[in-house]
Amino acid sequence: MKVVFLIAACASVLAVFLICVFLFANGLPAMGKIGPLKFLFGTEWRPTNDKFGILPMIVASIYVTAGAILIGVPIALFTSVFMARYCPKKIYKPLKSGIELMAGVPSIVYGYFGLVLLVPLIRQLFGGTGSSMLAACILLGIMILPTIMRTTEEALKAVPDSYREGSFGLGAGRLRTVFQVVLPSAVPGILAGIILAVGRIVGETAALMYTAGTVAGIPSNLFGSGRTLAVHMYVLTNEGLYTNQSYATAVVLLGIVVLINALSGFIAKKITGKGIG
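Residue 164 in numbering that gives the first Met the number 0 is what sits at position 165 of the sequence shown, and the numbering runs on without skipping anything.
If you're looking for bench data, these hints aren't it; they were derived computationally from the structure.
Cβ atoms here follow ideal geometry from the backbone N, Cα and C, with glycine treated the same way.
Errors might be hidden in some of the hints.
In silico BS3-like pairs for lysine-lysine, Cα to Cα no more than 30 Å straight-line [what the hints assert, rightly or not]:
| no. | residue 1 | residue 2 |
| --- | --- | --- |
| 1 | K268 | K156 |
| 2 | K50 | K95 |
| 3 | K269 | K156 |
| 4 | K89 | K156 |
| 5 | K32 | K50 |
| 6 | K92 | K32 |
Taking CB as the label site, the calculated pair distances span [what the hints assert, rightly or not]:
| no. | residue 1 | residue 2 | range |
| --- | --- | --- | --- |
| 7 | P35 | E164 | 33 to 43 Å |
| 8 | P159 | L195 | 42 to 52 Å |
| 9 | E153 | Y111 | 38 to 48 Å |
| 10 | P28 | K95 | 41 to 51 Å |
| 11 | P187 | R84 | 15 to 25 Å |
| 12 | L195 | A7 | 37 to 47 Å |
| 13 | N237 | A261 | 44 to 54 Å |
| 14 | V115 | I61 | 25 to 35 Å |
| 15 | A10 | G31 | 41 to 51 Å |
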């Protein structure tokens, strides 16, 4: 069985390695022809005029990622605390089934929900077309809820009961125990869920095409339309005219994901290194 496990681990690592090699082998030469700085920091995407700047797509990706995290993480965190420590047994099973159902809903269904409900609502309240960063942030915040809730709940349940009992014994209340003892101990598991959620956000296309639009420009505000890196890759590949630039965009997207993962790991070490309390 050790050999079987070793083969499985090597196959997983090899698959990721081959994907990275394929992307870098095709993307870096394309980026070199354009010019790395010109490609990364150019503010215009006009291939007919030889302008291949993807800064607007990077900004749009940061917008929707940050917005979705700000909306989804607090809701998922409080829900997980409730389910792990305070939820009555009678309603635990229906809630758990609902979370599992949300996790299995295809992204295209979420996109259709955003198109028929969020976009018209934002258009009616704030004007414009309704396809905006705000609609995308709200929809993605809903989509990442089950991923974060499942991992956070398991992380909270893994915290030893002796931590809570010791906190109660020192006179701390329930709220203080949760926020100063239980949650800091579960930070690595919580961040793991957030990292998985970020991976889904940055790779999402269908839901964003329906809510954020495909405008290749820097969004002026939350009510402006924009195109994320994943949507940009899809558009370029679908057109079939600028495949090399699509590979270069994939390299940038992969780099952003690696950077986010490294930053999350650094934050987790800093928080857990301070100790409990």
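Do the hints match the structure? See the list:
Of the supplied pair hints, the one linking K268 and K156 holds, its CA atoms being roughly 20 Å apart against a limit of 30 Å. The hinted pair formed by K50 and K95 fails the criterion: a straight-line CA distance of about 49 Å is larger than 30 Å. A distance of roughly 22 Å separates the Cα atoms of K269 and K156; the hinted pair therefore holds under the 30 Å criterion. Restraint check: the Cα-Cα separation between K89 and K156 comes to about 19 Å, which is no more than 30 Å; the hinted pair holds.
For a cut-off of 30 Å, the pair hint linking K32 to K50 stands: about 12 Å separates their Cα positions. Under the criterion of a C-alpha separation no larger than 30 Å, the hint pairing K92 with K32 is inconsistent with the structure, at around 56 Å. Look at P35 against E164: about 56 Å separates their beta carbons, and that is not inside 33 to 43 Å. Remark: the range hint 42 to 52 Å for P159 to L195 is contradicted by a beta-carbon distance near 24 Å.
For the pair E153 and Y111, the beta carbons lie near 31 Å from each other, so the given range of 38 to 48 Å is not met. Here the CB-CB span from P28 to K95 is close to 49 Å, well matched to the stated 41 to 51 Å. Take P187 and R84: their Cβ atoms lie about 19 Å apart, and the range 15 to 25 Å holds. The beta-carbon spacing between L195 and A7, approximately 20 Å, falls outside the hinted interval of 37 to 47 Å.
The hint said 44 to 54 Å for the Cβ distance between N237 and A261, and at roughly 32 Å that hint is violated. Under the hint 25 to 35 Å, the C-beta atoms of V115 and I61, about 27 Å apart, fit the expected range. Between A10 and G31 the CB atoms are about 32 Å apart, so this pair departs from the stated range of 41 to 51 Å.
Hints 2, 6, 7, 8, 9, 12, 13 and 15 from the list above are not met by this structure, while the remaining hints are.
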